[in-house]
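Protein chains in written order, with the working numbering: chain A, 82 to 263; chain B, 74 to 407.
The hints are simulated quantities; they were obtained by calculation from the structure and are not laboratory data. Mixed in with the good hints, there may be bad ones.
As the list claims (entries may be wrong) - With a straight-line cut-off of 30 Å between C-alpha atoms, the simulated DSBU-like cross-links for lysine-lysine are:
#, chain 1, residue 1, chain 2, residue 2
1, A, K103, A, K226
2, B, K260, B, K355
3, A, K113, A, K252
4, B, K141, A, K131
5, A, K126, B, K180
6, B, K394, A, K252
7, A, K252, B, K140
8, A, K203, A, K103
9, A, K126, B, K391
10, A, K131, B, K180
11, B, K394, A, K164
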Amino acid sequence: MKTLYIDTHLFDIDIILFEDDKIIKREIVKDKKYNSTYLMPTIMKVCPNKDFDEIIVVNGPGSFTGVRLGITIAKTLAYTLNKVIKPVSYFDMQNYSLESSNHILSMNDGNGYFIAEYENHKLIKPLYYLSNKDYSEFAKNKDIKTDVSIDFAKVLLHLKNVSGVNPHSVKPLYIKLIGVEQ
Amino acid sequence: MKDVYILAIESSCDETSMAIVKNGHEVIALTILTQMDTHAKFGGVVPEIASRMHAENITMVLEDTLKKANMKVSDMDAIAVAYKPGLLGSLLVGLEFAKTLCFVYNKPLIGVNHLIGHIYANNLEDNLEYPLLALVISGGHTELAIMNGDYDFKMLGTTLDDAIGEAFDKVARVIGYPYPGGPNIEKAALNGSNTYKLPKPVDDDTYNFSYSGLKSQVINLVNTEKMKGNEIRKEDLACSFQTVAVDELVRKLSLALDNTGIRNVVIAGGVSANKYLQGEIKKECDKYDAKLYIPRLLYCTDNAAMIGAAAYPLYLRKDFKDLSLNAESHADLI
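For reference, chain A alone in the conformation it holds in the complex (with noise of 0.2 Å):
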């Protein structure tokens, strides 16, 4: 069983095929904004046979541009080739990566923070994303994680038993309000 990891949430393109939960290839491109030059050439040299069982996208938080290329390409694959495709937020990955199954998680974007709230491993409310500023009152007192490294054979283990979506309704999670919306 093999599988293609995408993720491009922030401004860094990751990109591991796995077989069952072992890595293969992986590919780290650091610090690309808008990462349209490396994406496609970044997959191609990790998975160049596209010989993989199902791809596994990171949906968000995180930049708009980012997040939506790399589901872009994902979902594409995933209906081309007829793989399966489970998309996963970054969130959830460091969520079944812990431990502790209490904890609040938060990650910068530059402007600001998105947090996740999760009791008994559960998301208890949708994310949400605070300034700078704001985040630093909400911190106070709080025991809040925001460098989790990720356990990919538990992130594996924990999607094994999630079902594929339908390719066309993959789309990123999108926290930030835009101005037209604020």
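Chain A is already provided as a structure; the job is to place chain B on it using the hints.
Frame of chain A, contents of chain B only:
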């Protein structure tokens, strides 16, 4: 020679469009999914929303297009995509999608300049004859060029400030017509007369255009009348503006017809859908006995068929891009 089928993708603004074009001339299938109703609520195109809708719909637009043609991506000879100019986020969705198809099906990628696509829209149901004068008029561009052959351009002039379509949209807003401004000005002008005196934009012998002065004149006029407590005759103002704006194009075109001796003319871009403009340019071309190409309305506004038509000469010369191609928000014809 073997027939060439190109799958073309257009996502530079608020239309997600795909087409299959045979030999650069024949449209086998065309799908245009417009987002106009969504953006109308905001009074103009919201770039982030445009990008979101492209990403949501793009695989479904492919499915539709292939179904119409009863073909598969593997039947194609190349994948073409508009990669400049336009809204960056929107272009990127189409571009990454196109690259993915190239990777999956081992097809060459053709990068098409959206503006050149508008010119080649005229090749879809006709055969362009060279040399020709190309007048590209849209929301972002006002350019006059000589074309001596496929992709052989010599620029004559361009706008020094606003594009003509931009001026139409801004004037519409000031007079009080909703988005999309251009078509609404055109409609209103039908019931108006050219009674407001507006100055000629660039009254000289260059091929350059300018629309920001004309736009400011309209804004000033509206403000002055408001301060005096006078009612604006909206339809008359729309008509007066449109008359001067179009007259400027006609004058520069006439200058080019005189100076170059060229007798083929193409108008291209979203603004070329304006019927009054088409009529005035036709009258001028008739004076010179010049042939005028105007795309069918369907091919005037953004569509992927024109991208397929413009990709064909690039296919023949094997002008292919590798999959690190990036999108560019700004670009001219050359």
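Against the structure, the hints:
no.: 1; hint: K103(A) - K226(A); in the structure: 26 Å, holds
no.: 2; hint: K260(B) - K355(B); in the structure: 19 Å, holds
no.: 3; hint: K113(A) - K252(A); in the structure: 21 Å, holds
no.: 4; hint: K141(B) - K131(A); in the structure: 28 Å, holds
no.: 5; hint: K126(A) - K180(B); in the structure: 17 Å, holds
no.: 6; hint: K394(B) - K252(A); in the structure: 28 Å, holds
no.: 7; hint: K252(A) - K140(B); in the structure: 23 Å, holds
no.: 8; hint: K203(A) - K103(A); in the structure: 26 Å, holds
no.: 9; hint: K126(A) - K391(B); in the structure: 24 Å, holds
no.: 10; hint: K131(A) - K180(B); in the structure: 15 Å, holds
no.: 11; hint: K394(B) - K164(A); in the structure: 27 Å, holds
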